[in-house]
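As given, the protein sequences belong to chains V and L, one line each in that order. Counting from 101, one number per residue, gives the positions in the first sequence under this note's numbering. Counting from 47, one number per residue, gives the positions in the second sequence under this note's numbering.
For the record, the hints were derived by calculation from the structure and aren't laboratory data. Quick reminder that beta carbons are idealized off the backbone N, C-alpha and C, glycines included. Fair warning: there could be bad hints in the mix.
Each pair of labels, with its calculated beta carbon distance range [as the list claims (entries may be wrong)]: (1) V:G338 to L:N69: 44 to 52 Å; (2) L:S281 to V:S433: 39 to 47 Å; (3) V:T263 to L:N69: 38 to 46 Å; (4) V:D171 to L:M309: 32 to 40 Å; (5) V:V538 to L:P55: 17 to 25 Å.
Under 7 Å between C-beta atoms, here's a sample of chain V residues computed to sit facing chain L [unchecked claim]: (6) Q281; (7) Q285; (8) W287; (9) N453; (10) N523.
Computed list of chain V residues with no C-beta within reach of chain L, every gap over 10 Å [what the hints assert, rightly or not]: (11) L149; (12) E172; (13) T396; (14) Y482; (15) G485.
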Amino acid sequence: MGGLNTTLLIGIQALEASQGAINATSNNIANANTPGYTREVPQFTETPLNQVNDQLLGGGVSLNGLQSVRDELLNLQIQQQTSSQSSVDTQSTSLQQVQTYFTSTGGDIASALSSFSSSLAELSANSSDAAVQQTVLSSGQNLANAFNSTANGLTSVQSAANTQVTQTIAQINTLTNQIAQLNGQLWQLQASGQDGGTVQDQRDQAVLQLSQLTNIAVTQSSDGETITTGNGSPLVMGSQSFSLQTATGSNGMQQVLDSSGNNITASIQGGQLGGAIQIRDQVIPGYLNQLNTLATQFGASFNAAQAQGFDSNGNKGQNFFTVPSVNAAAGFSVAITNPALIAVSSDGSSGSNGNVANLSATLTSKLPSGQTPAQAYASLVYQVGNATSTATSQSSAIGQNLLQLTNQQSSISGVNIDEETTNLIKYQQAYEAAARIVSTIQALGTVTLDMGSSQSY
Amino acid sequence: MRVNPNLVPDILAGLQQSQTTLNQALEQISTGKSVNAPSDNPAAASEMVQNTIETANVDQYTQNVTAVLSKVQASDSALSSVVSSLTQAISLGTEGANSTNSAANQQAIASQVQGILSSVVSLANTSYQGAYLFGGTANSQPPYTADSSSPTGYTYNGNSDQNSVAIGDSTNVQVNLPGSQIFSNSTTNVLGSLSALVTALQSGNSSAISTATTGVTTALNYVGQQRVFYANAESQLNSQETYLQQETVNLSSQQTSLIGVDMAQAATTLSQAETDNSAALAAAAKVLPTTLLNYLATPS
Chain V
101 MGGLNTTLLI GIQALEASQG AINATSNNIA NANTPGYTRE VPQFTETPLN QVNDQLLGGG
161 VSLNGLQSVR DELLNLQIQQ QTSSQSSVDT QSTSLQQVQT YFTSTGGDIA SALSSFSSSL
221 AELSANSSDA AVQQTVLSSG QNLANAFNST ANGLTSVQSA ANTQVTQTIA QINTLTNQIA
281 QLNGQLWQLQ ASGQDGGTVQ DQRDQAVLQL SQLTNIAVTQ SSDGETITTG NGSPLVMGSQ
341 SFSLQTATGS NGMQQVLDSS GNNITASIQG GQLGGAIQIR DQVIPGYLNQ LNTLATQFGA
401 SFNAAQAQGF DSNGNKGQNF FTVPSVNAAA GFSVAITNPA LIAVSSDGSS GSNGNVANLS
461 ATLTSKLPSG QTPAQAYASL VYQVGNATST ATSQSSAIGQ NLLQLTNQQS SISGVNIDEE
521 TTNLIKYQQA YEAAARIVST IQALGTVTLD MGSSQSY
Chain L
47 MRVNPNLVPD ILAGLQQSQT TLNQALEQIS TGKSVNAPSD NPAAASEMVQ NTIETANVDQ
107 YTQNVTAVLS KVQASDSALS SVVSSLTQAI SLGTEGANST NSAANQQAIA SQVQGILSSV
167 VSLANTSYQG AYLFGGTANS QPPYTADSSS PTGYTYNGNS DQNSVAIGDS TNVQVNLPGS
227 QIFSNSTTNV LGSLSALVTA LQSGNSSAIS TATTGVTTAL NYVGQQRVFY ANAESQLNSQ
287 ETYLQQETVN LSSQQTSLIG VDMAQAATTL SQAETDNSAA LAAAAKVLPT TLLNYLATPS
């Protein structure tokens, strides 16, 4: 028969269940601000009925572990958006640095072109004045410096991106290693029928960090998660991880190799890695090319104008600028040190200024590119400005999207203090009531034992 | 549906946005520019490249106009002195042709004309800021030097080239006429006609003096015609100066419309951003600390 002992057992089970629930609630509260934490809900089930004589009696409650509340699809979307945002952010940070070299500060190419142009206009009115010739020479020097520092600025952003590639690869390898280990642990836990919520939280958090570094594709298989790069190179398969490697390419930049040694640099998109590669291999080389073309064509056009005239000593004009055939902007320099070598004269006499008009015309005539030097530079300024502002607004658009997704995720998985407090009170009351059952049964037991004695109360 | 319990990201995003607007408004007001980096307005930043270059050039063209104008005026005033010298020589020649003059008198007139000749030579050798005005582009040496072998008594050392100075992107003004063109052509020669007058006066032959005086008159008319060049240059420079002043105004108003800040609007934006920011902060302060725990009695 059931009797008091069965009821006592129900009381004790209820105490245990409430205690477990209070434990889960306090764990939720404790982790309310832990990134990636997924709230856990206690799973109560009724224990099977007892048949006492002809009556079916309730068997009490049991706590069937904890269930973490998560939405895998949402997690996947968050990973993708995180990848995109981190790529755009990386590009935006680099472009913000790039655009400082194209901002009108006095040392930029626009300011240098402007002072070079006006020094030539001044030379037109004072062609034989040594001080004015010196001004033209110094302005030419400034223009060369502006070309150099802009090109060097671009190159330094490019090599920073290159360093970022190497560092990101190292971070990716650490994370994939960690994810593979967590996959193994999770597989064991799930095989033994447990929820493994904490391990899963850790793994999801690591995967989210990984998606910040590069675009990944996540698929679930029987032996855990499989993670590949966007183009399908394996990173994690179950409890096994595959390291990416780097090797110096022919252009001196670090190339990304998958675990079998294939160069996958060009196919990597998204994440810090994709952003850094985009800046390093596409964006900056594009700007540098245009800058080099401008330096080459302008240098050649000015030198040709020099050759049409005669310097103050009556000699045929020699090259004013030295333009290297490779990295023209970075190596652009003024070839002469003596201002008297500027070819101002068109007839060989020192008083003639006839060639100054030819020198000035190089600034207003179209280069072989079809643009004047100012137009070519202005178009570069537009491209840099536009790319920067596009990256910034993309980042904020994706940020908004990501915020909504995170809010959705948080509304499913996040810890609500009010809810937990309510639960705490609920489980507290349940615990108190269960304790009352135990003490009541104890009192009843005493009464039952005293039934035979003659003592009266 | 369960409500998102975590308000922090939303509040932070809101705060960040109002802070960004606030910073932008502050930056615009403190720099006086609406475009502080190319990304603020790529098209305006790009157009400013041309504007910067144009502005510096127009400044320089204006300075060129001033410099060239004084040079042209110096040339013109030298030529005006030549004209009055020649006029004086003509009246002396007319006086010398009068047969009632004594020989001594004619010698005195001859030496007066000789003096005029020297002063015209030095006027033809006028230099301005170290450069000779009438030597063409060979302006580092005096254009006229005495030469007894020359029929006119003087040699021209200059050349026949002209200089032009940029006073606009595609506007140039010619700033000099070579002496060989101002003081002589195939039929007349200023210095030659004065030399001839001196010789005629010295010889005392009235008809020769009359002929020589007529020669000086021809030379005077010729120089007068050449002066028109400088008058034209002056008027071109004056009208260009007006144009450049207008251009300076245009460029500066273009700059204002490209990257300038409408202060009234910026101030409004700033105060609006301040209000938004305080509102966001106040909301955060109100919402964040409130949970059910605030309303539960403390366990005794």
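Hints, verified against the model:
1. With their beta carbons about 48 Å apart, V:G338 and L:N69 fall inside the hinted range of 44 to 52 Å.
2. One distance hint, 39 to 47 Å for the beta-carbon pair L:S281 and V:S433, holds here, with the actual separation near 44 Å.
3. For the pair V:T263 and L:N69, the beta carbons lie near 29 Å from each other, so the given range of 38 to 46 Å is not met.
4. For V:D171 and L:M309, the Cβ-Cβ distance of about 51 Å falls outside the hinted range of 32 to 40 Å, so the restraint is violated.
5. The supplied range of 17 to 25 Å is broken by V:V538 and L:P55, whose beta-carbon atoms lie about 45 Å from each other.
6. Because the beta carbon of V:Q281 sits about 29 Å from the nearest beta carbon in chain L, more than 7 Å, this interface hint is broken.
7. For the restraint placing V:Q285 at the interface with chain L, the shortest Cβ-Cβ distance is roughly 27 Å, beyond the 7 Å limit, so the hint is violated.
8. A cut of 7 Å between beta carbons decides the hint on V:W287: the least distance to chain L is about 30 Å, and the hint is violated.
9. Taking 7 Å as the C-beta cut-off, the interface hint given for V:N453 holds, the closest approach to chain L being about 5 Å.
10. Here the hint on V:N523 is broken, as its CB sits about 11 Å from the closest CB of chain L, past 7 Å.
11. V:L149, annotated as away from the interface, keeps every beta carbon of chain L farther than 10 Å; the closest lies near 33 Å.
12. Its beta-carbon lying about 17 Å from the closest one in chain L, V:E172 satisfies the requirement of being farther than 10 Å from that chain.
13. The beta carbon of V:T396 sits about 19 Å from the closest Cβ of chain L, which is more than 10 Å, so the claim that it is off the interface holds.
14. With a least CB separation of 4 Å from chain L, V:Y482 falls inside the 10 Å interface cut-off, contrary to its annotation.
15. The Cβ of V:G485 sits about 3 Å from the closest Cβ of chain L, inside the 10 Å cut-off, so the non-interface label is violated.
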